[in-house]
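Assemble the whole structure, with the sequences as input and the hints as a guide.
Protein chains: 2
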Amino acid sequence: MVDAIKKLREKTSAGVVECQKALRESNGDVEKAIEILRKQGVALASKKASRAIKEGRIESYIHGGKIGVLVEVGCESDFVARNDDFKNFVKDLAMQVAASYPRYVRKEDVPESAIQKETEIIKAQVEGKPAAQLEKIVQGKLTKFFDDACLLEQPFIKDPSVRVRDVLTSMIAKIGENIVVRRFVRYQVGEEL
Amino acid sequence: MVDAIKKLREKTSAGVVECQKALRESNGDVEKAIEILRKQGVALASKKASRAIKEGRIESYIHGGKIGVLVEVGCESDFVARNDDFKNFVKDLAMQVAASYPRYVRKEDVPESAIQKETEIIKAQVEGKPAAQLEKIVQGKLTKFFDDACLLEQPFIKDPSVRVRDVLTSMIAKIGENIVVRRFVRYQVGEEL
Numbered sequence: 065m066v067d068a069i070k071k072l073r074e075k076t077s078a079g080v081v082e083c084q085k086a087l088r089e090s091n092g093d094v095e096k097a098i099e100i101l102r103k104q105g106v107a108l109a110s111k112k113a114s115r116a117i118k119e120g121r122i123e124s125y126i127h128g129g130k131i132g133v134l135v136e137v138g139c140e141s142d143f144v145a146r147n148d149d150f151k152n153f154v155k156d157l158a159m160q161v162a163a164s165y166p167r168y169v170r171k172e173d174v175p176e177s178a179i180q181k182e183t184e185i186i187k188a189q190v191e192g193k194p195a196a197q198l199e200k201i202v203q204g205k206l207t208k209f210f211d212d213a214c215l216l217e218q219p220f221i222k223d224p225s226v227r228v229r230d231v232l233t234s235m236i237a238k239i240g241e242n243i244v245v246r247r248f249v250r251y252q253v254g255e256e257l
Numbered sequence: 065m066v067d068a069i070k071k072l073r074e075k076t077s078a079g080v081v082e083c084q085k086a087l088r089e090s091n092g093d094v095e096k097a098i099e100i101l102r103k104q105g106v107a108l109a110s111k112k113a114s115r116a117i118k119e120g121r122i123e124s125y126i127h128g129g130k131i132g133v134l135v136e137v138g139c140e141s142d143f144v145a146r147n148d149d150f151k152n153f154v155k156d157l158a159m160q161v162a163a164s165y166p167r168y169v170r171k172e173d174v175p176e177s178a179i180q181k182e183t184e185i186i187k188a189q190v191e192g193k194p195a196a197q198l199e200k201i202v203q204g205k206l207t208k209f210f211d212d213a214c215l216l217e218q219p220f221i222k223d224p225s226v227r228v229r230d231v232l233t234s235m236i237a238k239i240g241e242n243i244v245v246r247r248f249v250r251y252q253v254g255e256e257l
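Line by line, the protein sequences give chains H and V. In terms of the working numbering, the first sequence opens at residue 65 and continues consecutively. In terms of the working numbering, the second sequence opens at residue 65 and continues consecutively.
Think of the hints as simulated: they come from the structure by calculation, not from any bench. Using N, Cα and C, we set each Cβ at its ideal position, and we do this for glycine too. A couple of the hints might just be wrong.
[What the hints assert, rightly or not] Have a look at the derived ranges for each label pair, beta carbon to beta carbon:
#1 Lys111(H) x Ala188(V): 41 to 49 Å
#2 Lys111(H) x Gln180(V): 43 to 51 Å
#3 Gly254(V) x Lys205(H): 32 to 40 Å
#4 Met159(H) x Glu172(V): 34 to 42 Å
#5 Ala116(V) x Glu172(H): 44 to 52 Å
#6 Ala188(V) x Glu199(H): 24 to 32 Å
#7 Tyr165(H) x Asp67(V): 31 to 39 Å
#8 Asn91(V) x Asp142(H): 26 to 34 Å
#9 Asp173(V) x Ala163(H): 26 to 34 Å
#10 Leu257(H) x Gly92(V): 41 to 49 Å
#11 Leu257(V) x Pro219(H): 20 to 28 Å
#12 Lys151(H) x Asp223(V): 27 to 35 Å
[Said to hold, decoys possible] Covered by chain V, per the in silico footprint, the following chain H stretches (three or more residues, Cβ under 8 Å):
#13 136 to 146
#14 244 to 251
Here you go:
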């Protein structure tokens, strides 16, 4: 049990009590316990979504003076904004944006025009494939596009077995406040404006 | 002469040889020498404007986790991009943006619609003033608006007796390469998106 708690804490960075509860519920299955914690995070976030996100933190990451990132993550209280886990989470996001070049925070932020354009490109790529498989291939490639383009859908650079949104929901479960990735910007020297 | 050179270097951060030349030309008058150096900077920039600005540097400034700034300044060579004076200039700009909240890099970047809106506000403010003075007052207030809104027009936070564009032209004169403030962004926690 102690080993399982340790493992679960490493994976989710949730609190000891939350991990114990989740492991009891999953009968000691760590993978299931991760799921349970994530669902709690999601539930917590939606329960708390009505509360105002008026605090938060801005962090930057500069890579060799050539790539620069600014990220804002919102939370409910200044107490959380000054919490080290929260700060590190925001810093990790800034590094993620520098390394993995997302263009949107979440799926819902991708404009309809960009989805249309991407769909057209994909359809041109798969021309000639059997019609029966076509729809499935297009859907698969579109999912891949969202996974690339949206920060929350990307594999987390510090642990590619989870997505950034999993880290976010773990953070919400751990901190006990709603947390929202508000925005980011990424500059690269010399890129076209 | 040595004192004048020292003063001139402090004011413009230009090289010793440039300062000597400028002082010889101005017969030892420091203020005139500053003007000469600035004109050289402007001339150099326009002479070199055709050369490609494909290198540069990105710096950030974070104020207490609540305000974040990213600035990109372009130059011609990576050698200059790694120069300490250049780096410090970019850092100073990031701090300037955090403190003085410009909305545009230069006058030409202010959209016509913003100028129109500002002019209307000013005209409403000065209603009732004698018609003879009206145009002059409006022009004065519009100049004030540009001085507030444009990074290059703002008084430099480290020396409010000069403007940011004067620091830029001094830097161009000193470095001997064209330098362009390409863009900046300023985040403040909780501001409306």
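Verification of the supplied hints:
| no. | hint | in the structure |
| --- | --- | --- |
| 1 | Lys111(H) x Ala188(V): 41 to 49 Å | holds (47 Å) |
| 2 | Lys111(H) x Gln180(V): 43 to 51 Å | holds (46 Å) |
| 3 | Gly254(V) x Lys205(H): 32 to 40 Å | holds (38 Å) |
| 4 | Met159(H) x Glu172(V): 34 to 42 Å | holds (35 Å) |
| 5 | Ala116(V) x Glu172(H): 44 to 52 Å | violated (39 Å) |
| 6 | Ala188(V) x Glu199(H): 24 to 32 Å | violated (59 Å) |
| 7 | Tyr165(H) x Asp67(V): 31 to 39 Å | violated (53 Å) |
| 8 | Asn91(V) x Asp142(H): 26 to 34 Å | violated (59 Å) |
| 9 | Asp173(V) x Ala163(H): 26 to 34 Å | holds (31 Å) |
| 10 | Leu257(H) x Gly92(V): 41 to 49 Å | holds (44 Å) |
| 11 | Leu257(V) x Pro219(H): 20 to 28 Å | holds (26 Å) |
| 12 | Lys151(H) x Asp223(V): 27 to 35 Å | holds (34 Å) |
| 13 | 136 to 146 | holds (count 4) |
| 14 | 244 to 251 | holds (count 4) |
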